[in-house]
Amino acid sequence: MSRSGTPRPRAVGRRAPRVLMYHFFGDVPAGADPAGLFVRPEALAEQLRWLRGHGWRALTLDEYLAALDGALTPRRSYLLTIDDAHESVLRIAAPLLAAAGVPAVLYVPAGLLGGRVTWSSHAVYGSERLLDAQQVRELARAGVEIGVHGHDHTRLRGLSAADLAPHVTGARDLLATVTGGAPRTFAYPYGTWDEASRRAVAEAGYLAAFAVARRGGRFAVDRIGVSGTDSLLVFRFKLSLSYRLLSRAAGRAWRLRHAVRRVVARGGT
Numbered sequence: 002m003s004r005s006g007t008p009r010p011r012a013v014g015r016r017a018p019r020v021l022m023y024h025f026f027g028d029v030p031a032g033a034d035p036a037g038l039f040v041r042p043e044a045l046a047e048q049l050r051w052l053r054g055h056g057w058r059a060l061t062l063d064e065y066l067a068a069l070d071g072a073l074t075p076r077r078s079y080l081l082t083i084d085d086a087h088e089s090v091l092r093i094a095a096p097l098l099a100a101a102g103v104p105a106v107l108y109v110p111a112g113l114l115g116g117r118v119t120w121s122s123h124a125v126y127g128s129e130r131l132l133d134a135q136q137v138r139e140l141a142r143a144g145v146e147i148g149v150h151g152h153d154h155t156r157l158r159g160l161s162a163a164d165l166a167p168h169v170t171g172a173r174d175l176l177a178t179v180t181g182g183a184p185r186t187f188a189y190p191y192g193t194w195d196e197a198s199r200r201a202v203a204e205a206g207y208l209a210a211f212a213v214a215r216r217g218g219r220f221a222v223d224r225i226g227v228s229g230t231d232s233l234l235v236f237r238f239k240l241s242l243s244y245r246l247l248s249r250a251a252g253r254a255w256r257l258r259h260a261v262r263r264v265v266a267r268g269g270t
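Taken in order, the sequence shown gives residues 2 to 270; the numbers are from the working numbering.
Just to be clear, a hint being listed does not mean it is correct.
Claimed, not checked - Each pair of labels, with its calculated beta carbon distance range:
no.	residue 1	residue 2	range
1	LEU73	PRO42	32 to 38 angstroms
2	GLY71	HIS123	38 to 44 angstroms
3	PRO96	LEU246	31 to 37 angstroms
4	LEU73	VAL235	26 to 32 angstroms
5	LEU73	GLU139	19 to 25 angstroms
6	THR230	ALA100	20 to 26 angstroms
7	THR230	THR178	34 to 40 angstroms
8	ARG77	THR119	33 to 39 angstroms
9	ASP164	GLU47	24 to 30 angstroms
10	GLY71	SER241	34 to 40 angstroms
11	ARG41	SER128	17 to 23 angstroms
12	PRO96	THR230	19 to 25 angstroms
13	GLU43	TRP120	23 to 29 angstroms
14	GLY32	GLY102	21 to 27 angstroms
If you are wondering where the hints come from, they were derived from the structure by calculation, not from laboratory data.
Being a predicted model, the structure only gives us computed values, none of them experimental.
For glycine and all other residues, C-beta sits at the position ideal for the given N, C-alpha and C.
Working from the sequences, and respecting the hints, build out all of it.
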């Protein structure tokens, strides 16, 4: 992809690096985790072992960005990302990732450092603590790449340029004071975006941005969500070409539904 998000001719399909998306880590009963955000430590360790044992190579962010620019990558390669900066990243995930030699990118809602999950009313999420500034700094010094996840996890779709600024540039500036370096990539809260938010992220100078389910070039790269309910078999399927094709079909269906809604809203037929 070019920096503007325009596709360039390049290898596709199984050669394109996958991007995995995690959230929280811990042993939480399935009934208490309706969104499946908590991945058990044993499951994460099993997934990392399987990836290594089956020839999947974990990429650094620099290697992934080079791949977006057309650099060749191993046939099986992936980038591991984590959203929300839950305290379990430091307590559970970081030691497992370090032991496996797997780099990670952590997307932080900059205005909620040291706070709690504010974007869900469900008890199991609302009581969860987020990393504070010192903990984020500790992870950055340990080699975890820090990225921006908005200011306070507000959904960006539908916001004006003025309202987008605190979440796109303000949040980056805040995290730069924490880690000593400006984050280079962005992940949309809830994974959702529109052209205004995508354009704001691109024009702010980020090198890439990540979404969920709906692709939009370099500044809305789709990711594979890893759920706490995923068996190893499901996890393996999510890395397959079949899953990628299904995801793309779902994205096209999403765009079609929204196009129809826009026509209806304008009174068209």
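Results of checking the hints against the structure:
{"no.": "1", "hint": "LEU73 <-> PRO42: 32 to 38 angstroms", "result": "holds, 34 angstroms"}
{"no.": "2", "hint": "GLY71 <-> HIS123: 38 to 44 angstroms", "result": "holds, 42 angstroms"}
{"no.": "3", "hint": "PRO96 <-> LEU246: 31 to 37 angstroms", "result": "holds, 35 angstroms"}
{"no.": "4", "hint": "LEU73 <-> VAL235: 26 to 32 angstroms", "result": "holds, 29 angstroms"}
{"no.": "5", "hint": "LEU73 <-> GLU139: 19 to 25 angstroms", "result": "violated, 34 angstroms"}
{"no.": "6", "hint": "THR230 <-> ALA100: 20 to 26 angstroms", "result": "holds, 24 angstroms"}
{"no.": "7", "hint": "THR230 <-> THR178: 34 to 40 angstroms", "result": "holds, 38 angstroms"}
{"no.": "8", "hint": "ARG77 <-> THR119: 33 to 39 angstroms", "result": "holds, 38 angstroms"}
{"no.": "9", "hint": "ASP164 <-> GLU47: 24 to 30 angstroms", "result": "violated, 42 angstroms"}
{"no.": "10", "hint": "GLY71 <-> SER241: 34 to 40 angstroms", "result": "violated, 24 angstroms"}
{"no.": "11", "hint": "ARG41 <-> SER128: 17 to 23 angstroms", "result": "holds, 19 angstroms"}
{"no.": "12", "hint": "PRO96 <-> THR230: 19 to 25 angstroms", "result": "holds, 23 angstroms"}
{"no.": "13", "hint": "GLU43 <-> TRP120: 23 to 29 angstroms", "result": "holds, 28 angstroms"}
{"no.": "14", "hint": "GLY32 <-> GLY102: 21 to 27 angstroms", "result": "violated, 35 angstroms"}
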